[in-house]
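Protein chains: 2
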Amino acid sequence: MITYDHNLGWRADDDANELMAEAFGNLVYEREKGVVGYYNLPFDSGLIVSEAEAYAASSDAVRNCDTIAVIGIGGSSLGAKAVDSILRPRSPEAKRLLFLENPDPVDIEEKFDTLQKEKTLFIVISKSGTTVETISIFKAAVERFGLDLDGEDRERVIAITDEGSPLCHFIDRHGLKAYTIPHNVGGRFSVLSSVGIVPLTLAGYDTRSILSGASEMVERFFDAQEEHLLIKAAFIASSWREYRINVVFAYASRLEDFTKWYVQLWGESLGKIDRCGNRVGPTPVGHIGPVDQHSFLQLVMQGPRDKSVTFIKVEDFEKSLKIPDIRLEHIEKSDYLNGHTFNELINAECDATMESLAGEGIPVDSITMSRADERSVGELIAYYELLTSLTGAMLHINTYDQPGVETGKRILAKKFEKG
Amino acid sequence: MITYDHNLGWRADDDANELMAEAFGNLVYEREKGVVGYYNLPFDSGLIVSEAEAYAASSDAVRNCDTIAVIGIGGSSLGAKAVDSILRPRSPEAKRLLFLENPDPVDIEEKFDTLQKEKTLFIVISKSGTTVETISIFKAAVERFGLDLDGEDRERVIAITDEGSPLCHFIDRHGLKAYTIPHNVGGRFSVLSSVGIVPLTLAGYDTRSILSGASEMVERFFDAQEEHLLIKAAFIASSWREYRINVVFAYASRLEDFTKWYVQLWGESLGKIDRCGNRVGPTPVGHIGPVDQHSFLQLVMQGPRDKSVTFIKVEDFEKSLKIPDIRLEHIEKSDYLNGHTFNELINAECDATMESLAGEGIPVDSITMSRADERSVGELIAYYELLTSLTGAMLHINTYDQPGVETGKRILAKKFEKG
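Those sequence lines, one after another, are chains A and B.
In terms of the numbering used here, the numbers along the first sequence are unbroken and rise by one, the last being 419.
In terms of the numbering used here, the numbers along the second sequence are unbroken and rise by one, the last being 419.
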């Protein structure tokens with residue numbers, strides 16, 4: 001379960017109320033008309049879980065593997081990676097998920113060196129089916145592990161892609177296993193589609209509970225029971241020119257990959273040219289507390305007042321590790337913590353930091369996960385996706401495209417054509 | 001070796017030239033008067049290397065360990081961690097460095113579970129000697145591993161701290177091994193002091209070459225041969241209100257921890273109230289390309305024009321991994337890369353992204369490491385430290401303090417006193 005609180009120093013006026021009502025209507029429309037598909041994933045993807053479970057039970061390649069190597073980048077990897085990092089400590093028995101994202105030769109070789117073909121399932125994920133990094137790394141895997149795609153290794157490769165994409169045709173040609181992504185689900189909103197659900201289910205995670213947490217959040221939202229989401233979106237949309245940066249301070253090491261997912265979701269969805277031709281969008285930044293308290297906090301406290309800060313907390317870490325009740329001569333200053341748990345310490349640091357920022361008049365809000373478990377992860381994902389759609393609607397932009405990344409791709413191709 | 005290039009769309013006018021001359025003079029003064037100590041570390045820390053090497057040769061605990069567990073947070077861990085991540089692929093024989101930073105119970109227990117006391121050297125690092133996270137984790141280690149600090153485990157614990165600090169007194173009391181940090185070297189500028197050099201040397205890294213790369217950069221700078229540093233600092237200092245965010249896009253996975261070091265160095269040094277009472281400071285953000293091209297780039301390209309972007313490249317990854325010259329039916333679109341190396345691909349992506357941003361008029365600059373080796377790392381560290389001092393001088397702030405982080409510490413202590 002997740003709960004919220006905020007101290008934004010901001011109140012909705014009539015304009016903001018109108019903006020919220022209009023944005024809410026937009027999302028209802030997008031959902032009802034099927035313009036945007038991710039709203040229904042928490043309800044629809046149960047079928048994928050069942051199918052993947054049945055497949056896992058019937059496939060020797062899945063049963064015998066100890067590692068699932070996910071070849072994908074951006075929206076094709078960040079979501080499953082975030083979920084894997086959060087849930088791993090609760091699910092030590094889950095198969096290892098290894099993400100091959102970056103076309104960095106050192107990175108790829110290091111990861112390849114940890115793989116044994118007989119113990120590996122490769123999942124290639126590309127929505128367009130043509131992502132150059134993904135296809136290149138896949139080819140390198142085919143060569144390195146001598147994958148026989150028409151013979152004995154046919155079960156060792158699965159693809160996830162748009163129906164009708166080049167990768168989809170490739171898969172059909174070899175008769176390999178594939179899962180598709182609904183056309184109306186964008187890459188960065190796809191974690192609860194096959195893109196995240198298939199690797200996570202095959203690894204052995206309880207993906208049904210993730211979906212169930214997400215579906216409850218989506219239902220409550222469309223039942224108009226999550227007003228705080230509208231308020232937060234309205235605050236961001238109407239004050240991003242003042243508070244240009246939203247910092248997420250996540251107080252748990254395992255949330256680091258989640259902050260990366262959030263950065264992509266916000267950055268790529270909200271950094272746009274709006275319908276009046278203005279360049280808009282807050283900048284998302286992810287940090288891990290208390291580590292980054294010893295780093296970025298000074299800038300937030302005393303630097304320019306251009307940041308709002310969101311704290312993500314885990315109430316119960318499900319580990320009772322204590323600060324031992326021992327006294328070490330000369331370093332007794334922190335003995336006030338003796339006998340307390342690290343769980344208490346990290347959360348007290350979160351609260352203390354939040355209070356010190358609020359005391360300076362810096363807009364803060366908090367999201368508390370009762371536990372870092374499957375349901376809370378599902379809720380948290382749905383929370384951020386809905387928040388992004390709402391903010392995009394209020395900014396009058398197309399939340400779901402990414403025209404700005406095309407130029408670089410064209411320049412890249414030209415560099416090699418010339419060469 | 002590292003080289004630079006920039007396309008900032010900015011030229012120094014008379015005011016900027018004056019600002020540069022004044023800031024350069026400031027740094028010369030700080031160095032000559034010993035106000036700021038890090039300038040001399042590349043020259044002075046050779047003695048620490050020699051001492052640490054001699055100690056390593058004579059100590060059974062060091063010789064027999066396979067892991068060095070560094071207990072420290074912020075400036076006490078980020079530097080060594082960054083260097084370890086960059087150099088690890090070149091130095092597979094170096095002992096494992098494990099950083100215990102975050103008082104997250106799951107994180108601590110996971111790391112403790114990988115340690116065997118007989119094979120571990122613990123290095124406790126705290127400049128003030130009172131950091132609550134560090135002292136608490138150290139106590140937890142004492143309990144978990146039953147460290148006998150007056151008996152058989154005396155060689156297994158080393159401390160690095162300010163002379164005369166509480167931790168220093170604790171060490172003296174037990175007669176343990178300690179290294180001190182010069183008083184005029186701040187935590188975030190301490191990577192080339194004992195703080196970084198001791199763990200890296202004991203792990204087996206060639207720290208002399210790191211120092212030598214850094215000393216060359218410092219010498220060239222004070223010989224007025226690194227004007228680009230002055231120009232970049234002047235650009236940042238004079239236009240941060242327009243370009244409020246500096247994004248480092250590092251094109252190598254192993255540079256991720258370096259971007260965190262950079263974020264601390266900038267954030268904590270430059271986010272300040274200036275001598276006129278204004279809140280100033282650019283916001284540092286670290287990203288890894290090409291992964292984050294599939295994420296944050298859209299925002300940079302089409303969002304608000306409030307960002308400058310610095311690209312860090314590695315020219316030679318020293319890995320010849322190729323994109324195999326194989327044709328997979330239907331996914332031939334990226335076959336133009338066949339036969340090229342991943343090294344070429346990742347750098348071409350860097351160049352293409354840089355060109356596409358420059359084409360939009362976004363200020364960009366680049367830092368190219370010929371190789372991700374010891375000398376280049378030393379140069380890169382010195383480059384960023386000097387850039388930070390220059391920018392701070394031009395912003396008319398105290399670059400070396402961090403008054404904004406004290407409030408949270410006081411609130412934290414109160415929470416436990418009350419309870």
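Think of the hints as simulated: they come from the structure by calculation, not from any bench.
None of the values given here were measured: they were computed from a predicted structure.
Warning: the hint list may mix true and false statements.
Sample of chain B residues facing chain A (criterion: CB under 7 Å; computed from the structure) [unchecked claim]:
1. V35
2. V106
3. G277
4. I411
Cβ coordinates follow ideal geometry from the N, Cα and C atoms, glycine included.
Evaluated hints:
no. : hint : in the structure
1   : V35  : violated, 20 Å
2   : V106 : holds, 5 Å
3   : G277 : violated, 11 Å
4   : I411 : holds, 4 Å
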